[in-house]
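**Q** Each chain is listed here by its residues.
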Amino acid sequence: MNSLELVRKLYDGEIDIEALAKDLDEDARQELTQLLEAKAALEALPRSRPAPGVIDGVVAEAVRRKEARSTMTLILTNRMLQRLAAAAVVVVAVGVGYLTLRTDGILPVDRANAPAVSSEPTVALGQAGAKEPDEEMAEAPAESMNFADQVEQKPAPAAIAASPDEGRERDRSVFRQDFDEVGALAAAEPSSGSAGDHLPAVLGREAFLADSSLKKEGEDDSGLMTWDLEEEAFRTFFWQVRALDGRSPGEDWEEAVPLEGSFERLEKQQPGNDGLLKTRGEQ
Amino acid sequence: MQMHQDDAELVSAFVENADEKAFRTLVERHQERIYGFLLGMVREPTVADDLFQETFVKAVRAMQRQRGSYTSQGRWLQWVMRIARNTALDHLRSRKRSRMRLVMENEEGLDLDQIVADGEPDASDKLHRQQQAVWLSACIDRLPPEQREVVLMRHESELTFREIAELTDCSINTALGRMRYALLNLRRMLQETDANELERIELAS
Numbered sequence: 007m008n009s010l011e012l013v014r015k016l017y018d019g020e021i022d023i024e025a026l027a028k029d030l031d032e033d034a035r036q037e038l039t040q041l042l043e044a045k046a047a048l049e050a051l052p053r054s055r056p057a058p059g060v061i062d063g064v065v066a067e068a069v070r071r072k073e074a075r076s077t078m079t080l081i082l083t084n085r086m087l088q089r090l091a092a093a094a095v096v097v098v099a100v101g102v103g104y105l106t107l108r109t110d111g112i113l114p115v116d117r118a119n120a121p122a123v124s125s126e127p128t129v130a131l132g133q134a135g136a137k138e139p140d141e142e143m144a145e146a147p148a149e150s151m152n153f154a155d156q157v158e159q160k161p162a163p164a165a166i167a168a169s170p171d172e173g174r175e176r177d178r179s180v181f182r183q184d185f186d187e188v189g190a191l192a193a194a195e196p197s198s199g200s201a202g203d204h205l206p207a208v209l210g211r212e213a214f215l216a217d218s219s220l221k222k223e224g225e226d227d228s229g230l231m232t233w234d235l236e237e238e239a240f241r242t243f244f245w246q247v248r249a250l251d252g253r254s255p256g257e258d259w260e261e262a263v264p265l266e267g268s269f270e271r272l273e274k275q276q277p278g279n280d281g282l283l284k285t286r287g288e289q
Numbered sequence: 739m740q741m742h743q744d745d746a747e748l749v750s751a752f753v754e755n756a757d758e759k760a761f762r763t764l765v766e767r768h769q770e771r772i773y774g775f776l777l778g779m780v781r782e783p784t785v786a787d788d789l790f791q792e793t794f795v796k797a798v799r800a801m802q803r804q805r806g807s808y809t810s811q812g813r814w815l816q817w818v819m820r821i822a823r824n825t826a827l828d829h830l831r832s833r834k835r836s837r838m839r840l841v842m843e844n845e846e847g848l849d850l851d852q853i854v855a856d857g858e859p860d861a862s863d864k865l866h867r868q869q870q871a872v873w874l875s876a877c878i879d880r881l882p883p884e885q886r887e888v889v890l891m892r893h894e895s896e897l898t899f900r901e902i903a904e905l906t907d908c909s910i911n912t913a914l915g916r917m918r919y920a921l922l923n924l925r926r927m928l929q930e931t932d933a934n935e936l937e938r939i940e941l942a943s
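Protein chains in written order, with the numbering used here: chain W, 7 to 289; chain E, 739 to 943.
No lab work stands behind these hints: they were computed from the structure.
A short list of chain E residues far from chain W (calculated; beta carbon distances all over 12 angstroms):
#1 Leu815
#2 Pro883
#3 Glu884
#4 Glu904
#5 Asp907
Derived, one-sided and incomplete: chain E residues facing chain W with beta-carbon distance under 10 angstroms:
#6 Glu766
#7 Leu776
#8 Phe794
#9 Val795
#10 Trp873
#11 Phe899
#12 Leu914
#13 Met917
#14 Asn923
#15 Arg925
Each residue gets a CB set at the ideal place from its N, CA and C atoms; glycine is no exception.
Please model the complete structure; the sequences and the hints are all you need to start from.
**A** So, in structure tokens, the structure goes:
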């Protein structure tokens, strides 16, 4: 039996020391005696207790911490609920305000829900299943929106075009159709306003036709200048249509004026339009 | 009724229901084991009182958070003893310099009898049993820290050697070996103290 086993047996509870000593040699028996003496001395030590009041202090502190934690949890919960309630009030107030403004007509109607108008202008038109803008226009109920709205919601040219030539040609055909309709409007309602009211529309049509002729004549192979002119012509046309639709042009009217120089080119090509240009420029 | 509940039930009653009596029962049940260990480590009753309180404050905090090393597996005492040990070691580290000075003085020839005489001026007038207790406490204090820790955990806290091994991060054989050396050292120191006492009595007479 080695020394560690001796120590283990010594603390192993019920042990017959005499029987154990008989099995040991002289050295081990001597060590066992020394261990027993030291162990007996340790066991004779009186047990110590904390000073009176320490346990009361420990218990009071534990209860205080427990209650403080419960209170803190309650406070945090209340605070969180208050914040949630405040957020809910703000959301409701904003929602009610928005609905009120929409009902009063101050905010525009959500056009995403308008029928037969594509809400995804990035779809390539050459793609299978995609509808041409003209088809969409044809499917849209005539009474659902006026002509200006239809023009306004046309997809951006840059997004439509799968290739520059294809997109340009398609836009050109759409523009022509729009101009024709404007011309028809002007002819059908000659008494709806003064003659000057329809002048911008005629001007825009002429400008567009002039730009188209420029492209067809191949004066700009890169297409950039031609495209700018077409866009400018369309912008002019757009605001003129708004004017025909009974809306005030306001400051936007100035933005719709073609770039300087483009009219001069038009004048050269269409000298019969001098008076009209001057009249519009004076406005 | 609560005296018959085991530690896990008392802990659960305190944590879940804030049962003050359950916690008091728990503390009173183990006060001697924990306080005896702390007193043996720091040798100063007032400091041991403070460390005792600090130990339970840490334990309560850990129990409330429901995290840390405590798991309700019926080993609450061992868990609190680990906290008590760490608390005592932190305290000893904080006063390491002064303690090292004391050890150096002892090694320089300040005999154990002088230490006992400083702590107990009237030791010679008290009963032999009380003298033995004081001497033994001083002897325990002179043991190497690892041996002193094992002695205190075994005799004051009544932990098994397996639990001591787990608490002190060593093997059971290491814990047994430390206990063996501690007992042999204590016996030798007690013999020397008895011899010095006998010599002093003879000189006095």
